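Number of protein chains: 2
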Amino acid sequence: MHTYMNIKKLASISGDFWDVTDRAGLFGLVVAGLGEGWHRRADDGHEFVNMSSYSYLGLDTDLRLVRAAADEVLSEGSLNTSTSRMRIRFAALDDAERALSEHFDVEALTTASCAVAAWATLPLLASGLFTEDVAPVMVFDKNAHFCLNALKAAAADEAQIVTIAHNDVEALEQLCKEHPKVAYVADGVYSTGGQAPVKELLRLQEKYGLFLYFDEAHGISTLGRQGRGLVLEELGGRITDRTIIIASLNKGFGASGGAIFLGPQGSDERKNLALRNGPLMWSQRVNTAGLGAIKASVALHATEEFAGLQKRLQDNIDLFDGLVQTEQSRDGLPIRFVEIGKEDATVQLAQRLLERGFYASPIFFPIIGRGRAGLRLMLRANMTRTEIETFAGLLKELRDELGSAGTGAWAQAGNAVGAGAERR
Amino acid sequence: MHTYMNIKKLASISGDFWDVTDRAGLFGLVVAGLGEGWHRRADDGHEFVNMSSYSYLGLDTDLRLVRAAADEVLSEGSLNTSTSRMRIRFAALDDAERALSEHFDVEALTTASCAVAAWATLPLLASGLFTEDVAPVMVFDKNAHFCLNALKAAAADEAQIVTIAHNDVEALEQLCKEHPKVAYVADGVYSTGGQAPVKELLRLQEKYGLFLYFDEAHGISTLGRQGRGLVLEELGGRITDRTIIIASLNKGFGASGGAIFLGPQGSDERKNLALRNGPLMWSQRVNTAGLGAIKASVALHATEEFAGLQKRLQDNIDLFDGLVQTEQSRDGLPIRFVEIGKEDATVQLAQRLLERGFYASPIFFPIIGRGRAGLRLMLRANMTRTEIETFAGLLKELRDELGSAGTGAWAQAGNAVGAGAERR
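Which chain is which? The protein sequence lines are A and B, in order.
Each step along the first sequence adds one to the number in full-length UniProt numbering, with nothing skipped, and position 199 is 199.
Each step along the second sequence adds one to the number in full-length UniProt numbering, with nothing skipped, and position 224 is 224.
Take these hints with a grain of salt, some might be off.
Since copy identity is lost for identical chains, a pair holds within one copy or between any two.
As the list claims (entries may be wrong) - With a straight-line cut-off of 35 Å between C-alpha atoms, the simulated DSBU-like cross-links for lysine-lysine are:
| no. | residue 1 | residue 2 |
| --- | --- | --- |
| 1 | LYS142 | LYS271 |
| 2 | LYS271 | LYS9 |
| 3 | LYS142 | LYS8 |
| 4 | LYS181 | LYS142 |
| 5 | LYS396 | LYS177 |
| 6 | LYS207 | LYS8 |
| 7 | LYS396 | LYS271 |
| 8 | LYS396 | LYS311 |
| 9 | LYS199 | LYS8 |
| 10 | LYS177 | LYS8 |
| 11 | LYS9 | LYS207 |
| 12 | LYS311 | LYS142 |
| 13 | LYS396 | LYS181 |
| 14 | LYS9 | LYS142 |
No wet-lab data here; the hints were simulated from the structure.
Note that this is a predicted model, so its numbers are computed, not measured.
Construct the complete structure from the given sequences, taking the supplied hints into account.
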C-alpha cells in the first residue's frame, strides 16, 4: 500500500496551499470571457488579463474555431451518437481524426481529455501489447505529469515500474542495458518549465529499441513546424513505430479533448488494440462542438497565418525574457516561473497584480519547495507589447515593495512532495 | 502482477469477438444523424434506426438542447477558459453545477465523462478522505462497470480490495460485521441488465454505516421522479452523507460529460477534497456546448413534458415485453438481452436486421458465456409503436429462419472472463 500514491498524505500536505490561495481570492474566479485572454468577473465586474493561460497561440477565442464548433452541433443536430464509437459514429469524428492524422503524419485518435488519452494507452503499453507481447520495464521521469503518475498503480499490475530522476538519461541507458524491453514515460514540455532531452532519448531508441511515451500537452501547436510540437519536430516530422505521443487539444490547439498519436499513419493493429482494450471503448468522445473546432484548428495549423502566430508567441517570449529574468529565460518555451521566495509575499503580490488587472498563478509548497514560492506565467501570441511591458513594470514595482514583507507564517515543517498538487 | 487486470489476456480472448463483428460490418458504422434514433450511413446512404441507443428519452436529438449547446459556445465566445477550473471558470460551469445540485438535491460536480467521474472519486474514497480518514475496505460487485474495475489497482494502493459475487448482500453484510469501515462499489442499473438491491444496501448503510458508491450511468434521467435515477428514488430524493453517485450526462440526460453527486447540498469539505486531490484539478471540464445542453436538460427534467417522456419509455418497454420474451421482462428497465445462442447465428441475425433497417448490437463471448450470444437492445421513449412492432416481427421471422443455422465456428475453448470486452 502507498507504493505509488498516498492521497491522504498529499491532501494534508497541500491543504494550506489551497486554503491560503482560496482565502486570498486567487482561486475560483467566476468570469465571462472578453476574448484575447481578457475576462470580466461575474461578481464585481472587474476586468483582468490572464497571464497564466495555456492558450499559447490565442486560439481559444478565435472566432473561426468558435463558429465551427457551434455549426457542427447544429448541422449534426446532436452532441453525440448515443452508442459506443466502436459501433456507430458521426462522420465528424472520422473527419477530425483523419485531419489530425494527415496533418501530423501519425495515426491519431481523439479522446475526452489528455488525461483520458493517458488512461487509454499507458496500461496497454505496460501490458506488452505494443512491444511484441513482452511487458516492458516502465520507467517514469520523476516530474512526469500527475495524470501519468496516477496511472502507475494500474501499470504496475502489468509490468515493473521504475521512477528515475528528472531527465536522467544515464540512469535510463543503464536500464536499457539491463532489460530487453524498456519504455520511458515523460512530458515533452514540462508544465513546470523545461523539456525532455528528446535528441538523447532518440539515440537510446535507436541503440536499444527504447519505447518512448511523451505527454505533449504543452508542446503541440506551441512548437515545431505547423505546430507539430517538440517531439515530432526533433523527429523531423516522422514518428517512429516505437513512439506514442499524447496531447491536449484544449490548450495551444484551441479546441476540446485530447489526442493519441499511436505511431506512423496506418498503424492499424495498434489502433485496433487501443480501441478494443481500454477506456476508448467506453469513455465518451469529444462532442460535435469539439470536433468542429478540431477540424477548423487543423486547417488553421497548415497556414502562413499560423506560422505568424507562432512567431508572435516567440517574439512575446523574447520581449518578456528581456524584461524579467527567470531560470527559463531563452529556452524558447512559453512557461516562466518567477521566483519570489516567501509564500505570503507571493500571495500578496498576486493579489495586487489582480487588482491592477493581471491574473498570475501563485505556486508554492508542495508544488515546489518551501520558501521558493513564485508565479507561474504562460506567454501567449495574443498578448500585446503594452500588456507585457506594463505587467513587467508592475511586477518590478510590486516586488520591490513587497520583497521583504513575507513571514512564511504557514510554511512550517516538512519537505516538498514529488507528486505535486496542481501541475497543469 | 495481474491481480486486477490482465490486458494482454483480455485482448487475446476478446479478439475474435471484435474481428467477427467487424468483418460482419456491424462495427464502425460512419453516419449522419437524422433524429429520433435514425441514422444514414455515409458510404451507401442506407438508413436505419438504432435499437441499441442509450438515449433512453430521446434527448440526444432534442433541438432545444442542441440549440442551447450552440448558443452557449457563441455567447461565451470560447469552449473553455484555458486555465484550471480551480483558478478561473466560466459562469456557465457554475450555473450548470448549481442547476444539477438544486434539481437532484445533491452537491454536484461535472466531469469530462462518467469514467472520469469514477477516476476523480474512487481512489479518494479508498484513501479514507471521505470516511473520517480511515481507509475503508473497498468491496466491488463482480459486475460493476469496467471503468470502476479499471480503478481497482489505484484503489488497492490506498485500501484493501475485495470483489464479491453479483448483488451478494449476504457476503457484503459479513464484511460489514468484520470491518469498521466498508465501502461498496456497484452500478445502480447494470449495463448488462438488472439492478442493484438498493433497499437492502440502504439497510446495511443504516445498520453498519456502509458507504455506498453507485454508477448510475443508465439510471439517471431514465428512472425516478424528475429523472433522479434508481438510487435517489429509493432514497426518497434525499442522498445520505455516506453515498456517492456518479452519472453520465451523455446518455439518458442528453448532454455531454459526467457528474458526481458527492452528498447532500452543502457538502463543501468533500467538494474541496475532490477538487483538490485528483483528476478534477487537471482534467478537462465539459466544454461550453455541453454546459449549455446540461442547463437546458435540467430545465426540461422539471417539466410535465419530461414525465410524459418517462411514461412513453415505460409504455415502449411494456409494448416490447409483450412482444419479445427476455429474462429482463417486466423489470421496468430499458435494457433487454435477447438470447440467440450460437455466435454466428447472432451475427447473421444482426446483419439481416441491419439490412432491413434496424441496428441491434450483437454481444457474445467474452462479454457473456460461449453459446449464449444475443442482441443487446435499449428501448427509447422516441421509438414509435410501429418501429417496435416491426422490429419484433422481423426478429421472430429471422430467428425462425436462422435459429439452427449457427455452427459456432469461432467459439472454441475457454470460459467467459468477468472483465467483459465492451460493457457500456
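Here's how the hints hold up against the structure:
1. For the homomeric pair LYS142 and LYS271, the shortest alpha-carbon distances inside one copy (29 Å) and between copies (29 Å) are both at most 35 Å.
2. For the identical chains of this complex, LYS271 and LYS9 are inter-copy neighbours only, at 18 Å across copies versus 38 Å inside a copy, given an alpha-carbon limit of 35 Å.
3. Taking the closest pair of Cα atoms, LYS142 and LYS8 come within 35 Å of each other both inside a single copy (20 Å) and across two copies (27 Å).
4. Both within a single protomer and between protomers do LYS181 and LYS142 lie at most 35 Å apart by alpha-carbon distance, with minima of 20 Å and 34 Å respectively.
5. For the identical chains of this complex, LYS396 and LYS177 are neighbours neither inside a copy (50 Å) nor across copies (63 Å), given an alpha-carbon limit of 35 Å.
6. Taking the shortest Cα distances, LYS207 and LYS8 sit within 35 Å of each other only across copies (27 Å), while inside one copy they are farther apart (42 Å).
7. In this homomeric assembly, LYS396 and LYS271 never come within 35 Å of each other (Cα to Cα): the closest approach is 51 Å inside a single copy and 37 Å across copies.
8. Within a single copy, LYS396 and LYS311 get their C-alpha atoms as close as 26 Å, which meets the 35 Å cut-off; across copies the closest is 66 Å, which misses it.
9. Within a single copy, LYS199 and LYS8 get their C-alpha atoms only as close as 39 Å, which misses the 35 Å cut-off; across copies the closest is 31 Å, which meets it.
10. For a Cα distance limit of 35 Å, the shortest separation of LYS177 from LYS8 across copies, 25 Å, qualifies, whereas the shortest one inside one copy, 37 Å, does not.
11. Within a single copy, LYS9 and LYS207 get their C-alpha atoms only as close as 41 Å, which misses the 35 Å cut-off; across copies the closest is 30 Å, which meets it.
12. Proximity of LYS311 and LYS142 under a CA criterion of 35 Å is satisfied intra-copy only: 32 Å inside one chain copy versus 55 Å between copies.
13. Proximity of LYS396 to LYS181 under the C-alpha cut-off of 35 Å is found in neither arrangement, the shortest distances being 51 Å within a copy and 54 Å between copies.
14. Proximity of LYS9 and LYS142 under a CA criterion of 35 Å is satisfied in both settings, with 18 Å inside one chain copy and 30 Å between copies.
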